[in-house]
Amino acid sequence: MLMTAPRPTVARISPAPCTDDTPLLAVRDLTTQFPTRHGWLTAVNHISYELQAGRVLGVLGESGSGKSAMLRTILGLQPKSTRIAGEVLLDGRDLISMSAAEREDMRGASVSMVFQDPMTALDPVFTVEQQLVETIRRHSTLSRTEAAARALELLQTVQIPSPERRLKAYPFELSGGMRQRVVIAIALVSNPRLLLADEPTTALDVTVQARVLDLFRDLKHRMGMGIIFVTHDLAVAAEIADDIAVMYAGRIVEFGSLDDIVRSPQHPYTRGLLEANIRPGQHERPEAIPGSPPNLAKLPPGCSFAPRCHVAEAACWEAVPAATTVAPGHGVRCLKAAVSVETVVR
Amino acid sequence: MVTLILRRIAMAVPTLLGVTVVIWLLLSILPGDPLAFLLPQDASPADRARLATELGLDQPLPIRYVDWLFDMMRGDFGYSPFRRREVADLIAAAWKNTALLAGFSAAFGLTIGISLGTLAGVYRGSAIDRFVTGLAIVGLSVPSFWVAILLLIVFSAQFKVLPAGGMATLDGGLSSFLGHLVMPVISGSMVSIAITARVTRASIVETFKAEFVDTLRAKGLRERQVLLHVAKNAISPVLTTTGLQVGFLLGGSVLIETIFSWPGLGQLVFNAIAARDLRIVQATTVVIAATFVILNLLVDLLQMTFDPRQKRAA
Chain E
0 MLMTAPRPTV ARISPAPCTD DTPLLAVRDL TTQFPTRHGW LTAVNHISYE
50 LQAGRVLGVL GESGSGKSAM LRTILGLQPK STRIAGEVLL DGRDLISMSA
100 AEREDMRGAS VSMVFQDPMT ALDPVFTVEQ QLVETIRRHS TLSRTEAAAR
150 ALELLQTVQI PSPERRLKAY PFELSGGMRQ RVVIAIALVS NPRLLLADEP
200 TTALDVTVQA RVLDLFRDLK HRMGMGIIFV THDLAVAAEI ADDIAVMYAG
250 RIVEFGSLDD IVRSPQHPYT RGLLEANIRP GQHERPEAIP GSPPNLAKLP
300 PGCSFAPRCH VAEAACWEAV PAATTVAPGH GVRCLKAAVS VETVVR
Chain X
0 MVTLILRRIA MAVPTLLGVT VVIWLLLSIL PGDPLAFLLP QDASPADRAR
50 LATELGLDQP LPIRYVDWLF DMMRGDFGYS PFRRREVADL IAAAWKNTAL
100 LAGFSAAFGL TIGISLGTLA GVYRGSAIDR FVTGLAIVGL SVPSFWVAIL
150 LLIVFSAQFK VLPAGGMATL DGGLSSFLGH LVMPVISGSM VSIAITARVT
200 RASIVETFKA EFVDTLRAKG LRERQVLLHV AKNAISPVLT TTGLQVGFLL
250 GGSVLIETIF SWPGLGQLVF NAIAARDLRI VQATTVVIAA TFVILNLLVD
300 LLQMTFDPRQ KRAA
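Protein chains in written order, with numbering that gives the first Met the number 0: chain E, 0 to 345; chain X, 0 to 313.
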């Protein structure tokens with residue numbers, strides 16, 4: 000679902016037809032702002048979407064587009080000075096207005112997170128087993144031995160070879176891919192309803208990347224959890240996502256099924272991202288998007304992509320474009336896109 | 000693990016040997032004639048030569064060094080002609096007294112320093128943090144002898160609640176024993192408190208920035224559990240400075256022991272320097288250096304138990 004500031008033109012976009020009425024996760028008008036010397040920096044800017052259980056939402060965008068800030072806000076990991084508005088409803092319960100104690104209980108239980116860099120995500124002076132067991136015992140009443148057995152089981156779930164030996168290992172004794180599997184195992188401790196993955200394959204070698212992606216796909220099918228998979232790499236998103244949200248300067252500028260986004264991208268930014276990728280059989284150099292993202296503390300009044308856009312016109316600089324539905328489940332925030340689609344329809 | 004410890008100990012031996020060479024050379028090339036202090040002004044050259052032979056001062060430098068080293072290894076630190084006692088006995092007695100003071104000072108200083116530093120690190124930016132940081136700067140910049148004198152003026156001269164100096168044994172009762180310790184411990188551990196608090200605070204703040212802290216929170220650990228993880232990660236620099244602090248305390252503070260007439264190493268070495276009693280100065284310096292080397296060894300071994308990565312690095 001995509002929402003905008005001017006309410007009347009709000010377009011409701013649900014990701015593909017679904018069986019259940021209440022979504023697993025409903026983010027409504029979420030805004031996250033950090034204080035800086037130059038005023039409030041809007042990292043997440045009025046974002047709304049829904050996620051059904053068993054589906055993967057790929058969040059695509061450059062660094063600094065607010066992807067990680069959005070995940071952290073969902074889990075409540077942002078610094079204390081942060082200003083947050085909006086709702087994050089997990090099975091109808093608002094995670095934003097929760098008390099600190101409720102949030103502690105929610106983390107790692109119904110919502111888990113996998114971080115980008117497995118080299119730094121694990122505590123270096125505790126063994127894999129200690130880090131798994133403390134998480135298991137935090138969310139259950141298992142005894143130490145029962146928890147250790149469950150830890151072993153989890154390492155098997157994430158397909159770590161010779162798991163008995165790895166349990167006793169310290170993170171520095173494991174490879175990057177293996178560490179990321181441990182991080183994922185920790186996230187799976189209590190079969191969360193929602194898994195947040197913050198560029199979980201970016202820091203890995205390409206071959207390891209492919210295997211970790213396989214693992215995510217496997218988890219989605221077997222455990223039926225909803226996954227938000229943040230990445231800057233369209234190829235990675237295409238491997239795993241059912242739906243794609245393209246983020247730019249803290250806003251979702253385009254939302255649709257993977258097919259919609261790849262086959263008929265509407266936003267010039269999405270098209271730019273697609274063109275920046277190399278396709279099989281391509282001979283010419285990939286086209287980079289000129290310029291760099293705007294300063295989030297001083298956003299322009301109009302479309303934040305306008306300064307870099309080659310089709311921008313005067314109207315684009317005046318107001319933030321409203322979200323428009325171009326096809327069922329496919330929305331975009333671009334004046335030009337809407338026009339072009341209408342032309343196509345006509 | 001045992002071979003590792005043995006290897007570390009073996010590595011400490013050349014360090015200690017180097018230290019003895021430097022100490023011995025420095026004190027041997029110092030101007031001033033120890034014989035002049037021992038002999039009457041009208042002593043004849045024959046008397047001088049006889050005393051020099053008796054003390055071994057007529058031998059060439061390297062021979063005298065090796066003799067001294069082997070004597071020391073046998074526990075023979077020589078005879079102090081000024082104090083008319085075996086140097087080893089003098090040092091043993093003084094070391095016991097200094098160790099008592101150092102033990103109390105270290106326990107007091109490290110407990111307060113680590114607690115204050117942890118508080119400041121956990122509540123960084125708060126009023127507690129500013130208070131601790133300010134206190135640490137005061138502790139580092141105010142000379143310990145000045146604090147000692149101030150304490151003396153207030154608690155001994157003015158209110159007459161604490162003894163002005165000296166040491167008491169437990170035989171004289173617990174309150175007298177502790178009473179004699181209070182002021183030397185407070186003035187002597189001020190610097191330790193300041194340094195330990197600062198290092199602890201910095202290490203805790205730095206560790207809280209690490210990404211694994213996000214993972215700990217993301218998996219739902221309570222803030223108290225997160226702090227335990229952070230503490231274990233932050234302990235390494237604290238241990239390193241702790242080793243140095245305890246080393247300084249065990250070396251005996253010349254100023255504090257002199258002010259409070261505490262019969263420890265500091266006072267022993269102070270009097271020995273004044274009397275140009277080289278044997279005591281040499282021996283005390285070696286003992287202090289050995290204390291440092293051993294403490295650093297202990298710190299290294301302790302760090303290995305806290306950080307598994309260092310085991311592999313070693």
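Keep in mind that the hints were calculated from the coordinates and are not lab data. There may be inaccurate statements among the hints.
[Claimed, not checked] A few chain E residues that face chain X, going by a derived Cβ cut-off under 7 Å, partial list only:
no.	residue
1	Gly-85
2	Leu-88
3	Glu-103
4	Gly-107
5	Arg-137
6	Thr-140
[Unchecked claim] Under the rule of at most 27 Å between Cα atoms (straight-line distance), these lysine-lysine pairs were calculated in the BS3-like manner:
no.	chain 1	residue 1	chain 2	residue 2
7	E	Lys-335	E	Lys-297
8	X	Lys-231	E	Lys-167
9	X	Lys-95	E	Lys-79
10	X	Lys-231	E	Lys-79
11	E	Lys-335	E	Lys-79
12	X	Lys-208	X	Lys-231
No experiment lies behind these values; they were computed from the predicted model shown. Ideal Cβ placement from N, Cα and C applies to all residues, glycine included.
Structure-based check of all given hints:
no. : hint                     : in the structure
1   : Gly-85                   : 21 Å, violated
2   : Leu-88                   : 20 Å, violated
3   : Glu-103                  : 6 Å, holds
4   : Gly-107                  : 3 Å, holds
5   : Arg-137                  : 5 Å, holds
6   : Thr-140                  : 15 Å, violated
7   : E:Lys-335 with E:Lys-297 : 24 Å, holds
8   : X:Lys-231 with E:Lys-167 : 18 Å, holds
9   : X:Lys-95 with E:Lys-79   : 52 Å, violated
10  : X:Lys-231 with E:Lys-79  : 24 Å, holds
11  : E:Lys-335 with E:Lys-79  : 39 Å, violated
12  : X:Lys-208 with X:Lys-231 : 14 Å, holds
When the structure is compared with the earlier hints, violations turn up for hints 1, 2, 6, 9, 11 and for no others.
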